[in-house]
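Trainee: Full structure from sequences and hints, please.
Residue numbers (our numbering), protein chains in the order written: chain A, 30 to 305; chain B, 12 to 153.
Okay, the calculated beta carbon distance ranges per label pair:
no., chain 1, residue 1, chain 2, residue 2, range
1, B, E69, A, A223, 21 to 27 Å
2, A, I237, B, S72, 17 to 23 Å
3, A, S244, B, A108, 38 to 44 Å
4, B, V65, A, A229, 23 to 29 Å
5, B, E79, A, S228, 41 to 47 Å
6, A, F211, B, A71, 44 to 50 Å
7, A, S234, B, I47, 19 to 25 Å
A partial selection of chain B residues facing chain A, derived with a Cβ cut-off under 7 Å:
no., residue
8, D45
9, E69
10, R98
No wet-lab data here; the hints were simulated from the structure.
Just so it is clear, CB atoms sit at the ideal spot from N, CA and C, and this is done for glycine as well.
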Amino acid sequence: MTSRGTCSRPFVFLNNRHYDPTTGVFISVDPLVTKTMQPCIYGGANPVTYSDPSGLCIVPGSFSVNSDGTVTYTQMGGTECYNSDEDGHGNSGDGSDGGYGVASVNHSVTGYIGTPGKADLVGGLKEIGIGVAKTPGSIIGGASHIVTNPIETGEGLWWAANNPGEAATALFDGCIETAQSFGTCLGEIATGAAIVKTSAVSRTSRFIVNGREISVGPNFRLAPFGNRTGNVFGRWPHYHRRVVDPATGQTVPGGGIGRHRPWQPKSTDNSFWDRF
Amino acid sequence: MSLNPQPPIIVDENGDIAFYESLSDAARALEAVDVIAGEYEIFDSCGLRLRAMVADGEPASVTVRASEAAKHEDAELAVRLRNFVERVGPERVGVTAPGTAQLSELVSSLASFLGSGAVLPGVVSSPPKPGLGSVKRWWRER
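Mentor: This is the structure:
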């Protein structure tokens, strides 16, 4: 490759390179030398037919040096540029004089973002997207992952947005797996519920048939379905409440725990409400 | 003394006294859970101490009878009945001097008092039947 020192006779700066109209060559190395293989040549080695106002493209037209030392460029239309999208150094190629540099910079920036590790990045995002799509079963874990890894989540969504087909497939696969998992869980739940239901029905039926009572502490019992002991008051739904005299610690007359309230009257009652 | 219990059967539940006409009536009135918890002290009218037992089964049934080792504890029963009379009110029960009243007097007075208050439903007083009208009628007849 030709070094800058080898061709150091600068005179006219053409946006990207210095051009020596005397010799008809650029005095700075072509930034696209890896493509053109010509570090200093101007206008495709045909300066009569072509010009190179950007230093990057040959354009039909010519430069002429005026008597006062200024340069006049006459464009003849059409361009021939190296499309360097692959390496990120393309240009617009629109033939607009003022737009070359800007277009080139824009393409460079875009190309720089997409170039290094592009395949790895896409692959990683794809894996993230598939992983996110396949792991909705772990909702808490997924939510935690999303919260703690917002960048990855964003990248995964970005990939999904740019690869809707693959994302849909991955999501479908994930949904199938999730459905299968849910199905298994539902089966187990149903089995467990059936056992619980059988047990509950059995216990409830025994509770009702045998007239059992629910104790709430030592001084209160509830018989929601009555007793089956043969007591005329106890066959109805009732409750038992012990009334203790706090002064003596003894049960007050008529306040025994065996009384079937509110049905069973007592001679010791002072009012109807003593039944309760 | 005879071990044949003499009615009425007197059940003391920590100071609350109830009278029953027979052992079977008392057994129906008592609940197994309370018997197991030792809530009751049971005597016949002569002071013979009786035992309540819970038979296995569902629902559990209660039986009341005198054991072979049962003793007459008429003094103990008299103390319990006097205490009850004093708490309810001697005038209300009809015992003028509960401190000096004999066991037979206490039993007689309390049987009259408690019996009129449907201690044994179906014998002294009709139990309420389902329905508001029958309950009201039963209440007026008391």
